[in-house]
Structure formats: C-alpha cells, structure tokens
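Enquirer: Sequence:
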Amino acid sequence: MADLGLGEIRGDYAIINPAIGAMLQVLRGCLVLLWIALLVATVVNPSSVNDNAAVVTVVVAGVYALKFGWRRLTARLGVNRCYLCADGVAVTDRFGRIRDSVAWSEVTGVQQMAVVGHVVGAHRIEIFRSRSATPLWLVAPGVKSALVRALLDEGRRSGVLQ
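In our numbering, the protein residues as written are 2 to 163.
Because the hints were derived from the structure by calculation, they are not lab data. In this text, a Cβ means the ideal position worked out from N, Cα and C, and glycines have one as well. Incorrect hints may have been included.
Simulated restraints on C-beta separations [as the list claims (entries may be wrong)]:
1. 9 / 78: 45 to 55 Å
2. 9 / 117: 47 to 57 Å
3. 131 / 30: 36 to 46 Å
4. 56 / 133: 15 to 25 Å
5. 162 / 78: 26 to 36 Å
6. 65 / 109: 15 to 25 Å
7. 58 / 18: 52 to 62 Å
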C-alpha cells in the first residue's frame, strides 16, 4: 500500500467475487437444508436413517469450520480485500495483488446497490473517477456490510461525498 501513496490504512474489509461468493452461499444453504431434513427424518423414524445424521452433522460442522478458517487465512494473506486508506481506496485480487485503486481526490461519486435474497446478501459498490477511466467496483458480502458504512464515512471525511 505504501507504493500507491494512499496514506495510512484506516481499515480493511473482505470482498467477494460475485459468482463464486453467491454459489458458495447457495451450496452452504443447501447443505444446511439437507442436514435439517435428515434430523427431522431421524426424529420421525430413527431406524430409517441409521448413522447418516451423524455423518452429515460432521460434514456441516466441517464446512463451516473451513469457511471460518478460510476467512482468517485470506485476511492474513490480504486476498480479496478492500483497503480504506486516508487518501483513497485499494482493492486486491485473489492472489493478494492490487487489482485497482483510486485516490479520494479523483472520486466523483459512489453508487451502492444492495442485493438481498433468501440465501444471498451482498452490496455492489462502484466508485466513479473524475477521469474517463472505468469505475472501481467491488462486492461486499452480507446484508449489513461494515464496508459500505466505513467507505461512505471515509468519503465524507475526505470531503468527496456529501
């Protein structure tokens, strides 16, 4: 970040690839629904399920443990992150390299769109630049993303946003 000249880092937040993030959220949701169905079948007729509910419970716990571990690992490696700096915003790719950055002095506006469904919730954010360059875009996971609030607060603090 020092090479970009965007000042000190004020916060870093996870971002997702829209297609992969949505697919993984749907798959985790389906896995939980399967687990609930097996538990209901076990309660209704315990002899018909045998030990399948225990196996699926271990699989569900493992998937969510992997998700937690992956979040910690990607945060440590700087993979798929949005860095809010004193003088701008930088976004990294899936290899931890800077994908795009923009200084607050170049920002002309921010457009934020929430996508909320039964399984998937995310915010698509576009940061428009004063030049004719393409906008910097990112997707923040979650219905109530801390990144959206922090990004808008940093934009107001820098005097770019109202």
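Enquirer: Each hint should be assessed against the structure and marked as holding or not.
Expert: So, going through the hints one by one against the coordinates:
1. 9 / 78: 45 to 55 Å: violated, 21 Å
2. 9 / 117: 47 to 57 Å: violated, 33 Å
3. 131 / 30: 36 to 46 Å: Taking Cβ atoms as reference, residue 131 and residue 30 lie about 41 Å apart, which means the hint holds.
4. 56 / 133: 15 to 25 Å: Roughly 57 Å apart at Cβ, these two residues miss the hinted range, so it is violated.
5. 162 / 78: 26 to 36 Å: Since residue 162 and residue 78 have Cβ atoms about 30 Å apart, the given range 26 to 36 Å holds.
6. 65 / 109: 15 to 25 Å: Violated: the Cβ-Cβ distance is about 41 Å, outside 15 to 25 Å.
7. 58 / 18: 52 to 62 Å: With a Cβ separation near 29 Å, residue 58 and residue 18 fall outside 52 to 62 Å, so the hint is violated.
Of the numbered hints stated above, those contradicted by the structure are hints 1, 2, 4, 6, 7, listed in ascending order.
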